[in-house]
Every structure is written in C-alpha cells, then in structure tokens.
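Asks: Chain residues, written in single-letter form:
Number of protein chains: 2
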Amino acid sequence: MGIASNTVRRVMMGVLMGVFAGVVPASHADEGMWLLSNPPLERLKRDHGFAPSSDWLLRMQRASVDTGASGSFVSPRGLVMTNHHVASSWIHQLSTAERDLTRDGFLARTLADELPIPGAEVSVLWETQDVTDAMKKATAGKSGPDAAAAIRAAISELEKSEQARTGMQCRVTTLYGGGKYELYRFRRYTDVRLVFAPELAAASFGGDVDNFEFPRFSLDCAFIRVYENGAPVQVEHFLPWSATGAQENELIFVFGHPGSTERLLTMDDLASERDVRLPARLRSLWRLEEKLEAFSSRTAENARVAGDLLHGVANGRKAFTGELGGLHDPELMRAKWDDEAKLRQAIERDPALASHVGDSFERLAAALQEEAATFEDDAIIQRAFRGSRLFQAARTLVQLGAEWPKPSAERLSEYRESALPEVIAILEAHAPVYPEFEKMILAQGLSHLAEHFGGGRPEVLELLGGKSPVERARELVDASTLADAAYRKKLLAAGPEGLRELLESSADEPLLSLVRSLDPKLREIRARTEGGIDAVKRDVYARLADARFAAFGTTQYPDATGTLRLSYGTIKAYQQDDQQIPAFTTYRGLFERDAARDDEGFTLPKPWNDAKSKLNLDTPLNFVCTADIIGGNSGSPVVNTKGEVIGLIFDGNIHSLSWAHRYSDEKARAIAVDTRAIVEALRVVYKADSLVAELTGVK
Amino acid sequence: MGIASNTVRRVMMGVLMGVFAGVVPASHADEGMWLLSNPPLERLKRDHGFAPSSDWLLRMQRASVDTGASGSFVSPRGLVMTNHHVASSWIHQLSTAERDLTRDGFLARTLADELPIPGAEVSVLWETQDVTDAMKKATAGKSGPDAAAAIRAAISELEKSEQARTGMQCRVTTLYGGGKYELYRFRRYTDVRLVFAPELAAASFGGDVDNFEFPRFSLDCAFIRVYENGAPVQVEHFLPWSATGAQENELIFVFGHPGSTERLLTMDDLASERDVRLPARLRSLWRLEEKLEAFSSRTAENARVAGDLLHGVANGRKAFTGELGGLHDPELMRAKWDDEAKLRQAIERDPALASHVGDSFERLAAALQEEAATFEDDAIIQRAFRGSRLFQAARTLVQLGAEWPKPSAERLSEYRESALPEVIAILEAHAPVYPEFEKMILAQGLSHLAEHFGGGRPEVLELLGGKSPVERARELVDASTLADAAYRKKLLAAGPEGLRELLESSADEPLLSLVRSLDPKLREIRARTEGGIDAVKRDVYARLADARFAAFGTTQYPDATGTLRLSYGTIKAYQQDDQQIPAFTTYRGLFERDAARDDEGFTLPKPWNDAKSKLNLDTPLNFVCTADIIGGNSGSPVVNTKGEVIGLIFDGNIHSLSWAHRYSDEKARAIAVDTRAIVEALRVVYKADSLVAELTGVK
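In order, the protein sequence lines correspond to chains A and B.
Quick note: the first sequence, position 167, residue 391 per my numbering, numbers continuous.
Quick note: the second sequence, position 622, residue 846 per my numbering, numbers continuous.
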C-alpha cells in the first residue's frame, strides 16, 4: 500500500477540497506530473533523447483507467491491472466471515468465475478540450461567493450540455489553480468484476512497518475486468506485457491520476499547511486509528470488518507524518523561500505583472487566517462519521432530496447532473453493512463531536438525543432502515420530487433525522469555504500562474488534480545515510525477510511457502524509479519507450512524501512491482495459467 | 495492568497536579476511600457487623507499603507483594537485550540472587498527626499567589522541622481539598531488590484488549524485598497468608494509595474535565501511543526498550477513555447534578454557611475559564519530552541548580528539603539510557511543540536550533554527557553552590541548554497555575468541604490524594447486559482463552504450557469485589476480617472507570489476583518452593 488506496485518495481529495494550486516550475531533472495535452517533449528529447509521438501518447491515455486511483488495460479483453490496495475496498466488500477474499486472495479461473463488484465503476479519459476562455469569462469581474457561484454554474452547464451532446461522461477540471480549464470526456464502465487478488499478507507484505519504505517486497497487484452488455469489453488501446522487463537506468513513463500536490503554495499557505491543516488532520487520524485498533483487537471478525478502513487510516497517518516532517525540515523550507523570492522579484520587475498580481499575497494571507480559525472545527464536523455506510447513505439521501429538484447549476457540485449516475450507483449497490462496526463508527464520531465542541453544547446534545454516544449509536443503527438496498432503491425510484416527499414522510428514521440536524451546519461550512478561502485561492493562484507563465515560460505542469498525468524518470538506486540502496529487490529477499521477522505483517501465506522451492528466487520483485508521483498514482503502469508495461506503481519511499511540496531525486523514489514478479507468482504460486497467457500472449 | 503502574500513577498525579477535592458523601453501600484516622466504623458495624479494632488498623497501616503505587509486607523478612505492572519499570530497568526479565520473568532462589533495583525506594506510613490548625492559620486572610506561597512555605517548614526532630521522612497532605491537613511520618527504604516476577505474557495476559475487562486471567503479581544495612529488614507488621482463601460474598478490606478521584468537583469543574482536560490528555496520549507503536514495530529491541512506556500510555489512554465515557453518560451527569443541587440547597438554607461559601461557585467557574484557555498549551510544554531519561536528568539538574541554594520554603515544592533525598537518589541511579529511544522521544516532543505552537514560532525555532526535529534530537543525544551516572554524581557532589557553578561552566551541554531555554516558561506555568486555579480551588473546595461537614456530618471520606486509604466491600458477581458475570475465574479459563485466541497478548509462555497438566485448573485465578479503588491502588492487598491476605488488587473493570467521578456498585468492580493462584503458580510453574514456604509458613 502507500500512495493512496481508494479510501485514502478520497480522504485526501476530501480533506484538501478547496486547495487549488498554481504552475510548478520543473527545475529538477525528471520532475513533473505533466498534462497529456502539454507533454514535456523538449525536455525529454534533451535529457533522454526520446520524445513520444502523439499516437503513442493517445494509446497511453486510452489504456489508462481511472479506478478511483489508477490502473491500465493490459489485454484487449478489458483486463485491468491495478494495486491490491486500490482494489482492496472492493475485495473487502466481496468478502464475508466465511469467505475472506482479503485474507485468502481470489482467482477466477474462467470468465464465469469473475465476481461482479457492486457499485464499482471505472472510466477512461477519451477526449480533452481546452475550455479556459469560456470559464474565465464566467467569473470575470466577480469575487467571493459570486465568483464561486458563477464558476460552479458555468462548469455544471457545460458538463450537462456536453454530456447531452456526446452521451459521454463530461467533467471540467481546473488546472494551474484557475489558469487553465480542460473539459474531459470519459468512457464510463459500471460492470466491473474481480479476476485476481493475492492474499493481503503477500500484497502488503511488511504492513504498516514497511509501508513507504524500501527495500520492499510486496506483490501489491490485482486484476479486474471491465464488462459491457454482459461481455468483456473489447479495447483497442492497451499495454502489451514486456517480454524482457525493466533494466536499471532505463527511461520509464508512468501514467496515472496523482491526487493532489501543493508545490506552489505561497509560504503563508505552506505555513498554514504545516501549522494548521496537517496537525489537525493528524489529530483526527491518531484518534480514529486508536478507535479502530481497539475495535479490531476484540475479535477476528471485527478485525476483518474494520481492516480496510484501518489500513487506509494508517496509510494516511504515515503519509501526512512524512509530509509534515518535510515542512519541519529547514532545508526544504529554505528552498521554498528561494522559489517564492524569485517569483516575487520577477513580479516586482514587471509593472504589468505587479499590477495583475496586486495584493494577492496579502489577500491570501488574510483568507488563510480566517480559514485557520475554523479549519479543525469544520473538518471534524464534516468527517466525524467517516467509514459508516449508513451515515453516508443517510447524508447522500437527505442532500439529494434537497438538491435533485433544483436546476443542476444551482446544486451542491457533487449532485450536479454529470455526477448523479455515480451517486445513484453507490446508493443502489448491495454493499454489506456491519451493525457492530457501524455502531462503533457512529459512537466514536458522536464522542469526537462532544470532545471537540463540548458535551454540553446544545448542538451536540441534539445529536445525542439525551443518550450517551454508545447508547445513541446503538439506537441509530438498530432502528435504521437504510441498510436495506431495496429500500434505498425504492426511495431513488421516486425521482426528484418523490424522493423529497418520501424523506419527509420517514421522519422516524433516526439516521435521516440525525443528518437533518447536521445538514444546515454542513451547508454553512460549504458555503463559507467555497465563497471564502476557495474563491480567494482560485483568484490568487490563477494570477500567480499567469505571473509564472510570463516570467518562466509556458512549459510548466500544473499541481496534481486527480486527473490523468504523465511522469517519467529512470530506474535508479540511491544513497541513504551511508548505505547504497539497490534499485531492485527479488523473491529471495522476500523469503529472507519473512524468515527474519516473526511479527504480524511479515508472515507469508501457506501457498507461498509451499511454492518456494519452485519459484525462481532471482526474479525481480519491486524496483524504484525517479518518476514524479503522489497519492492517486497507485496502480499506475510503468511503461518503457516501446509502450510496453514493465511495472506497477504502488508506493513511494519515505523521502518521497516531501514530494507533496517539492520534488527532489536525491533520495526520494517511486516504488513499483516488477511485472516479471507478477507473472512468476501467477504461474508458480497461483497456477493461473490462463491469466498468464492473456497477459503475455504466450500459452 | 490497569489501575496505575508507577508510570501511570505519576502521569495522573502530574497531569492532575493542582486538582484538589472536597468531602465525598458516601451514600452507597460500600463506597469510600477512608482515612485510617477516620475509619467508617459505624457503617461497617451497621452494614457488615464487623468493626476493626485500632490495633488491627495499625497493623494494616504499617503492613502497607508505598511502592509508587501500592504493596504490602507479606513476611516478617521484608518481603513485599505488589503487581507486576507496578514493578514493571524496575523489571524493565534491570533488563538488557540479552537478559529480558520483562519477557522471561525472574526468580531469585536465594537471598544472594535477589537483584538490587537502582534508584528504587519504598516507604511505610508510620505515624499520622492532624496539623489542620497550623496550616489554616498560615493562609488565613490570604488569596491568589500570596496564599499559594504561604501554604507552600508552611508545609515546607513543618516538614523540615519534623524531619530534623524525628529523623523520619515527613510529608504534609492536603485533605478534603483544604478542609484538613495531616502530617505523615514515613519509614523510607532505599535498598529494594527484585525477588520474583512472572513473564509479562502471564502477568498481563490479554494485554490492552483485556485491560480493564472481566472475566480476566492475569497473574499480575511481583515480589520485592526491602533491605536495611545489607540484610532483609525485619518487620513486626505484615499480612499473614490466608490458608483458606477468599469466598464469594465475604467482607474484604483493601489498603492502598488511590491516586486521585474527582468526586466532588462542582458541575463547572466536571464540565471542564469533560470538555477541556480529558480531551487534551487523550489527544496527547493518542499521538504518543502512535509514535511509540511505530518505534516499537521497527525492531524487537525497540519493542523491548519502549515497552514499559507504551504499556503505561495505553493504560492511561484506556482509563481516560472510560472516564470520559462516564462524563458523556447523561445518567451519571444527572446524578451529579442532583448531588450539587442538594449541596446548594443546604448552603442556601443556612445563612452562616451561605456567607462562608459566598461566591465560591462563581469564582471557581471564572478560574476554570482561565485554566481552559491555556490548559492544553501548558500540558504539552510540561510533558513534551515525557519518557526521556536524559531530558528528565537535565531538567532536574537545571532546576535543582537554581533551587538548592534557596531556603527550602522558597523552592519549587518538589525540591523542598523533605523531598530532596528522592530527587538525588533518582539522579544518581544507574538506570539504562537507550540512545535510539531517547532520540525518538526528543524528536517527537520537538515535533509536538512545533505542531501545536507553530513551526515558525521563535520559541520553537530556538529549541530546534535551525534543525529539523529528528536532526536536533540526534544532536542532543549524541553530544550529551548526562547518560553517565558518574558525571551526574560528580555534579551533585558539588553541593548547592557548587552545582550551580558547574552547570554554568557546562554551557555546551546541549540538553542542559535546551532545558535552560525551556525553564522560564515552565516556571511561568507553575507560578500562574499555583497562584491561579490551584489557589482558587484550594480555597473554594475547603469552603465547600466545610459546608458538607456542616450539612451532612463529619463521617465523610476525602477525595483520593495518593495517600494511604482503607476501602471495603464484598466479593460479588454482577450482571452485564443479559449476562451474569461470575465473581471468580480459574486457571481452566486461562488455558481456554489461550486456546481460543492466537493474537499477541493471548499467548502463554512455554513454562505454562509445560506445567499445564500438573496445575490444579480449578484454582481461582482472579476475582472481583465492590471495594472502592482507583489508579494508585494497584498492588493493594485484599484482606479478610482476620487480617489475612487473600488477594492482590490489580485493576478495575470497565465500569469502574467512572469511579473517578462517582461510585456505583451496580456493575463496577475492582479486580484482584487470588492468592491461591499465586501459590499454585509459584509451586507448579516456577518451582519456587522457598518463596512459597516464606509466604505460607508451610515447607
């Protein structure tokens, strides 16, 4: 695991909502998460003597799959490769106490055995169009809540009309913090089936201890298949499997969906990240991790049920800890000061730029102070019940009931027309609900609100309904009707007006009541944030982006936005303290580490020990490269210049966590599974001959 | 573990410093932590038909041993029984990577094998004297900082003169929140040796999962021996071992040192506990527990080194969580409201009382608001480097250098003359210092300050010295000379004036410099707290105590203060949800639980499995009783009416955590090891025949 499971990426996207970013000057060798519409052809040619053709790039674009994080087509029959930890919430969802696919793994030997995943969907970025002019026109001369409403309306309208025109899913992405807007048209697939997953113990060998570390020995892969009309989808664009595999120092490319970087925050914004936002996030994660650990330790079934969320929380905690460590490192901060000084000088030297930028730095600093005053309060309210399927369903239903009857452009953005199919699919999915787990999540969430805001506050007492958090949670779950997918489906079938009426008549559904109490506050936070700090950031960072384009040229990449990017680099060893860390590990190393440690997380499953004598122990297992990645890149294919897949990104090392704020290739590395290890395991450990044949084209 | 290891008790005492408490009306059957100078003879006679004689009570008093928590003499040759988790910091201190007594246990088969524990000391309360009049006279007519200075001076002077007069260690204890003062004269013993400890896995079977739970299966005992002049001390007062053991429904007594209860806080103070103090403490514990877990998971040696602190932190976290749960329970809060309403009515009805109490409630509420504004800031500064022996030594040396030359009455209270021997003994002790552990503690402490106060704050930057927390911690530990006990001894040998000079000339000792930067702030917090909230509480709670005495009579017990108390009750099963929980568990249950769970914390050591067939599996292992206990009671003997020892308190169940604020015997219970289990294990598992003979008097 490591760089963003579904859960974690969504956490990051959620928590970081409202953080826009500017143009990042790519000063280091292989730095950059590049738009496929503006690839660094000159730099590639200059530094590596290779510039991909537009055909090559289009094939990569359409072979890339948005799985919540990243993935890629690796056969013409819709087979998608991603990480185990990206697919883990799906695998977890398909598991029961009797048949624990997370623990035991899964292999479908025939198409008929492939397991449909309720509510899962993936998509492929088919076409891109620059819509900057239209979007900038919409907000011209506006600021604050007006600007926020205008851009929301413009995006919603454009997406809706494009969706109607093309029949494809359409999304507008804000790039360069508002300097550029692109319209993306996606092919969306909602019949997704599980093909193969190794045992969790093999996929995340080393657990939390080895997460974000290298040398590493994880087979963090999974295969899913995309269906259309009941049959595997036939895809023209996919990545052929390399017959030879990766070589040290080879030029490689990575395609994926990095979630969020903050490389061009102003120093004020960075200080706020260091002193306000990251500490607040970590406080919530430390707390939640302890609650989940306590719940999990009680019974094996509890551990199974809470496992996926716990892994996500631990992963986020370790990632944020590393990011914060970077911001406490005076060297990194000095470098960031230098970057900002250069930008400020360039602006000062040019009167037109100076006038365009105006008091942007000061306005942002003032908005950040306002944000700091309520950041933790807001985050705790918004995320108190994270992990509860029932609460999630209740909140979505209550909000949908209010939003659906409105025109799309006036709705909360996640309920705009273009986003509705996904919202409805999740509500209708038959995902399992575990009452004891739900009670724990709700109880700890209620306690968190009471701890943070005070157990005597009227708002808290209203949520508690005269009971203790534990009693109230028990009541909420025992009396809720929302666990029943058929009931949720019935509500949705009533349509916009009908849903609202049905909700009003179900006043005694306790979770819906709870959400109704909370919803005004959630809306107030949204409105205040979008019209306040977000609007200021969008305006300020767009102006700073313009200044950077003017001062440093237009070959710049935008901060990560969870949309498709190209990164590149080489497979490369590194020096850590006085140790040389080799670029590759092997299966031999895996078994050695298994033998050296007897604690949890370092114990290989039985099939591995049985197969050991037959495995080629010299097979490369994991490797490191300098490609610029971040949370969301999990599941990204590593591709050679021929466009063949040679690896599967699943993590970065501990030094790479600073990449959130600044790239360096001194010690920081992305970590990938070597495709040769995948084939060797499929062949020898899992005897998955037909899957191997499909991947390699060799029987 | 559970109710207060040394570590935890000190935490609680430290964190709760400044919390005074009032008179507690003992309305429930077996409620009360009674002063031995004011035992509940009438209630005992009335409810149980037994009133102990003063001889009986004096024997109990002098057989009770203050071990940091509790303990008792169980042989005339100075043998002391306490909990493993009370002795655990000593056992940990005596362990090395090669000889891990924590993991493997320890048995001295002869006196010569008993292991001296560096820096350990225990004491026995020999005599008690009421000094209320003298102390009240000292503060009469004073308030705020003046009152704080006056009471500090009066206590210090009295202790010093009494110590000189009697040659015994003397301490003044504030009782009933200032309603009464007692002078305690102690026999102090500084040659303490380890006799027996079981393996940690047996002592705390069930680990964090079973901590504070029942049914329970822990052999949480240890034996130490007190020496004087190189030979075992001969004691007249000790507890004979019961030949028959405990019976269900039997009347039992518990003698020990409950650390702190808060049963008579005003509702405002209780709300502050719920909304300010407990949440702040928990935030720090969640964070520290995660840091310790991460460090421990890296290597087995790390786990060994950090184990004792980690157990203490986890125990504190679980205890505070339970206490907070109680304060979030509307039933408990309603009962507290009723209690306060009764008190207020009694005061209102009596003009003299009303005049005496005056605006006490309002003054306290105002002081609590002030406290709330800085509580978490202060606690984080005071406890940032908790667990670092090097920091502890540096802080003690710097403060001692400043305090020692002053008259005793003007010093910070922990450096007053009567307390110095313990301070010096700890500094001179050869306790092991683990550099990697020290670095981790210092780094996380520096990060905590940066997270909480801001990484750009000048005070934080000064502590960091231009480095990252990790780099700075490395520098501090690598360059420190304080790990060397001989060096510390040399400093102390210089005496009051000499120490100050030596410290001034060691300006390059980095940890001493760090403490010098921090010390003014630490002193400012102390002065502000003692002259502010503490002074107000002392005055307010003394007035409320007077009101309670007047309204409800003088047979009341004071809130716990870490000094010797008597509790009583019966051995009694209870009902939990729809389950009847029996009063006793057995060795059979232990082996069943071992077989049912295969996770860490539930695995019996090999000697136990080897001995299983020879053990009498029907031997009672743990039992529950209604005696009123709290953190600090760990190691308390459970005694029958004949004055024989039949059990060893080591924990309370989860419901007992609310006892911090209110006693109830519905589901809450104290948990003890049955002495029959101790003898059975010593005989069969450990073959400790001479120890058994010493305990039972039977060869």
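Heads up, a few of these hints could be off.
Derived SDA-like pairs: lysine to any residue, alpha-carbon spacing no greater than 25 Å straight-line [claimed, not checked]:
hint, chain 1, residue 1, chain 2, residue 2
1, A, K891, B, A358
2, A, K560, B, V684
3, B, K361, B, S632
4, B, K560, A, E686
5, A, K866, A, P300
6, A, K796, A, R507
7, A, K560, B, K830
8, B, K830, A, K713
9, A, K745, A, L556
10, A, K630, A, K713
11, A, K560, B, A710
12, A, K830, B, T320
13, A, K361, A, P340
14, A, K691, B, P734
15, A, K714, A, E728
16, A, K714, A, K691
17, B, K713, B, K366
18, B, K714, B, V694
19, A, K691, B, L506
20, B, K366, B, I749
21, B, K830, A, D823
22, B, K691, A, L502
23, B, K691, A, D553
24, B, K630, B, T320
25, B, K830, B, Q799
26, A, K891, B, R522
27, A, K891, B, V694
28, B, K691, A, R558
Reference excerpt, derived from the structure (chain B facing chain A, CB under 7 Å, subset only) [said to hold, decoys possible]:
hint, residue
29, D492
30, D499
31, P503
32, D553
33, R613
34, A674
35, P682
36, E683
37, G689
38, G690
Keep in mind the hints are simulated off the structure, nothing from the lab.
Positions of the beta carbon are idealized from the N, C-alpha and C atoms, including for glycine.
Asks: Tell me the numbers of any earlier hints that the structure contravenes, in ascending order.
Replies: Of the numbered hints given earlier, those the structure breaks are 1, 6, 7, 8, 9, 11, 12, 13, 14, 16, 17, 18, 24, 25, 29, 33, 35, 36 and 37, listed in rising order.
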